[in-house]
Every structure is written in structure tokens, then in C-alpha cells.
Amino acid sequence: MALNVMLRRAPSSVAHLAIRALESAATVRSATSTAFSVEHIHRWGSFAPSLHFSTTTAEEQSSKKRLIQIIDSEINCAQELKKRYRADEIPKGFPFAIQDSTGERIVVLQRKYQNEIIKVEVELPNLKNGEDGDEKDGGDESSYQPSIPLVVSISKGSGLSLQFGVTVFPDEFSIDRLSIKEPESTKNQLAYEGPNFLDLDENLQKALKEYLENRGIKPITTYYLYVYMISKDSKEYLKWLKKLKKFVES
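Okay, so the sequence shown: first residue is 1 according to this note's numbering, each after it adds one.
Keep in mind that the hints are not guaranteed to be accurate.
[Stated by the list, open to error] Straight-line alpha carbon distances no greater than 20 Å define the calculated SDA-like cross-link-like pairs of lysine to any residue that follow:
(1) K65 - N76
(2) K82 - D72
(3) K82 - K245
(4) K218 - K245
(5) K112 - K245
(6) K206 - V151
(7) K83 - T102
(8) K156 - G216
(9) K112 - P219
(10) K235 - K156
(11) K239 - G103
Since the hints were made in silico from the structure, they are not lab data. In this text the structure is predicted, and so the values were computed from the model without any measurement.
Use the sequences and the hints to build the structure in full.
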């Protein structure tokens, strides 16, 4: 307040000098503050690398080692399953030609029977899901027997075809569903596909099962398919595990 009064009362030349002096002092203070800030940032930056949260090399190596050990354990399990289920030789009297491509989940079987073309699509079993289900139910994992899903299509020259949904077990098979398929050109997505198979008359169920057996879907066929598909699943899983291990180790 006193400084303001002095400036108002002083001659203009004196006031001018006083203002210049104040401006000079402000400039010095600003420069000093800026220099301090820059130096402070520079010093802080020199410590920044020590504050970032990254996994140390030792932790990375330990985690990698654990992962490889688990993969090796899975490889051993897959190898044991591969030894247990071997499908090297096709049994005598097996009526189907097998179309199998490495890396594919579906195996196709095909044959001709009289005026019919019979096609069987076999999907890899989901072994892991089945084992998990047994564990949740308190079952014994060693007694678990995976099932194999099949789709059996029987077609004739008329264009219509029968399509059976079948589940294969080690010593038997069951029919889950049956539908009558129209040719692709007239296919109706909302068409009636028939009743639930288990709702059919029991004699009709037995007759349809015998119908499939006469066309090659019989114990000798289904058992070989059962072993073949579990063997394929083990081989595919083993290849996948080895690729995974190779990637992790590289």
C-alpha cells in the first residue's frame, strides 16, 4: 500500500525507474522459478525407471518353467491315452471307407448299400468336458468312458434322406434322434423333423436300430470307431501340446 502511494506522489521519472526495477525483479524471480522446475523435473525423471511395476527376469523364468512342467505333464497323459487306444488295423469286415485329414475334427465314413449311399460323420469326443463332469458328480475318473457322437445319413435317388443322430459307447450305441431331410433346393428351415426318438413306440425304436445295424452301424463298426476317434483325439492333442511347448520355449 505504501509503495503504491509513493509511486503516485513521486515525479514521473522516479516512478518510471521504480517500475523498471520492479519488472526486473519479477523477471529474475520467474527465471529462477523456471530453472528450479526444469531441474526438479530432470532429477525426478532420473529416478522414474525404478518406479515402474514390471515382472523381474527371475519371476518370468519361474513362471515359464512352471508352464512347461504342466505342459509336459499333459503330454505324458496324452501319450498314455494314445498307447491305451490303438486303432492301427481296420478289423476284418469293416464296411466303410474312412476319410480322415490330420487336424480336422470330423472323420467321414462312406459306403454303398444296395441303392443307398450311407455317410457317417464322426466328431472328436470332448474328453476333458466329460472328465470334469464326473469330478463334479463325485464320480471315479478312472471309470469314465467317453461317448462318440455320429450323424448317419442314408440317401436314395429320390432326394430324400434319413438322418440319424447316434451316440456310440464302447459296447453299444443308441439312437438319439431321427429326421427326414428334403433335398437342399427345397429345404425348409422350419419343417417338422419328427417326434423325439424316445417318444416313439418301443417296437419302432428297436426296428430302426436293427435297420441301422443292417447298414453297417453294428458293434464291430461302432467299437472300432470308438477306439479310432479316441486315438485320433489323443494324437491331435499331443501335436497341439508339442507346438505349444515349442512356442513357449522359443
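Task: Pair hint outcome, K218 versus K245 [Cα-Cα no greater than 20 Å] - done: Violated, at roughly 40 Å.
- [ ] Would you check the hint for K112 and K245, treating anything up to 20 Å between C-alpha atoms as holding?
- [x] 44 Å, violated
Task: Given pair status - G216, K156, alpha carbons within 20 Å - done: Given that 20 Å is the threshold and the Cα spacing comes to 16 Å, the pair holds.
Task: Restraint check for K112 with P219, where alpha carbons must lie at most 20 Å apart - done: This hinted pair holds, its Cα atoms lying about 19 Å apart.
Open item on the list: Hinted pair, alpha-carbon criterion (20 Å max): K83, T102. Please report holds or violated.
Closed with: 19 Å, holds
- [ ] Would you mind confirming whether the straight-line C-alpha gap from K235 to K156 stays at or under 20 Å?
- [x] Distance of about 36 Å is beyond 20 Å: violated.
TODO: Measure nothing beyond the straight line between the CA atoms of K82 and K245; if it is 20 Å or shorter, mark the hint as holding.
DONE: 19 Å, holds
- [ ] With a cut-off of 20 Å on the C-alpha distance, tell me whether K65 and N76 pass.
- [x] It holds: about 17 Å lies between the C-alpha atoms, which stays within 20 Å.
Open item on the list: Check the hint pairing K82 with D72 against an upper bound of 20 Å on the C-alpha distance.
Closed with: Holds, at roughly 15 Å.
Task: Pair hint K206 and V151, alpha-carbon separation not exceeding 20 Å - done: 18 Å, holds
Open item on the list: What's the verdict on K239 and G103, does the C-alpha distance respect the 20 Å limit or exceed it?
Closed with: Roughly 9 Å separates the two Cα atoms, so the pair holds.
Checked against the numbered hints above, the structure violates hints 4, 5 and 10; every other hint is satisfied.
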